[in-house]
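Given chain A, work out where chain B should sit, using these hints.
Chains as they are written, first to last, in our numbering: chain A, 213 to 394; chain B, 213 to 394.
Since the hints were made in silico from the structure, they are not lab data. Some clues are possibly wrong.
As the list claims (entries may be wrong) - So, partial list: chain B residues that the calculated Cβ filter (under 8 angstroms) puts toward chain A:
1. A245
2. G260
3. T261
4. L267
5. P295
6. E297
7. K376
Every residue, glycine too, gets a C-beta built ideally from N, C-alpha and C.
Number of protein chains: 2
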Amino acid sequence: MENKEKKKKGLLIVYTGDGKGKTTAALGMTVRAIGHDWKISIIQFIKGTWKYGELEGIKRLSPHIEMETMGVGCIGIMGDKKPIEEHQTAGRKALDMANQKILSGKYNLIILDELNVAISLNLISREDTEAMIRNKPKELNLVVTGRNAPQWLIEIADLVTEMKEIKHPYQQGILAQKGIDF
Amino acid sequence: MENKEKKKKGLLIVYTGDGKGKTTAALGMTVRAIGHDWKISIIQFIKGTWKYGELEGIKRLSPHIEMETMGVGCIGIMGDKKPIEEHQTAGRKALDMANQKILSGKYNLIILDELNVAISLNLISREDTEAMIRNKPKELNLVVTGRNAPQWLIEIADLVTEMKEIKHPYQQGILAQKGIDF
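Just chain A, same shape as in the assembly:
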């Protein structure tokens, strides 16, 4: 009975680290989840990080997957000149959307993509984020991606994998690749 109860608990999974494969692993989880006819929601906390290939691939997997693109684009890079307040407002909206989805009880798996980055850039507060995670329905599986996962998140997570960059093609002058990077 104890075990059965435990079996039903949804997991909090964190993919962090500086290596490639964090969002990709989250994407791989959707394939597995679809095999079980699960309902899936993906919320992107940083806009523009998902590229043509994955967006198109996700579409082919629908109607099982819903995708919400939030945020106002890569912060502090690629010529970003937007004031921090604009990013924070977008972060707040993304968090509100995530809260709605989480509390709706409609999903088996919710992916909070690049949430770690939104936290570490102070676009959303620890208090609000932690409250959201702690209030999730017991059976819901949550996946959080992004480098720099905060220690408090690692502590409350069930499964944490650090993707460590051992070798990256850009080191060797190879450009971003269709089908691989976008």
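Using the frame of chain A, we list chain B on its own:
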């Protein structure tokens, strides 16, 4: 011109380490690749490591993905009493199949799942495996998964990520979960 040439080079990608997310990331790559209408082949070097959810999810993604289940099941664990020769014959067959697929020119992305494990258990030789990888068509993207990637493979790879286990649910007495582990 130089850059254009480089862009077309297929990558050799390795996901290794003791953490969760290696095969899952490979699976995520198939979603992205399908978005580009790529043809994909997955060859499992160790049988029985893929479970219901991912097999069923992969089916929904077909006809873009072909899956070959090779090997004779988890070696040395779960009461395996088969002689090593039987595993080696299965490894040889898996390598032959992989060679065929690689040289066929029909695929944009080939995933050699748990190949690292087959190498480290001496089910297949370094010489044969290295020859196969070095002879791949230039444009083909190869993904190799499994813990204990050999150093020579890391050296010839374009992208290597180590999935490091920071926290695992089994440590906390949580059983394998439907939709997450199988």
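We went through each hint and held it up to the structure:
Hint status for A245(B) relative to chain A: holds, with the closest Cβ pair at about 5 angstroms, below 8 angstroms. Interface restraint check for G260(B): the shortest CB-CB distance to chain A comes to about 16 angstroms, outside 8 angstroms, so the restraint is violated. With 8 angstroms as the threshold, the beta carbon of T261(B) stays out of range of chain A, its nearest partner Cβ sitting at about 13 angstroms, so the hint is violated. Restraint check, L267(B) versus chain A: the minimum CB separation of about 7 angstroms is within 8 angstroms; hint holds.
Here the hint on P295(B) is broken, as its CB sits about 33 angstroms from the closest CB of chain A, past 8 angstroms. Checking E297(B) against chain A by beta carbon gives a least distance of about 34 angstroms; that is not within 8 angstroms, so the hint is violated. Because the closest C-beta pair between K376(B) and chain A is about 4 angstroms apart, less than 8 angstroms, the hint holds.
Going through the hint list in order, the structure does not satisfy hints 2, 3, 5, 6.
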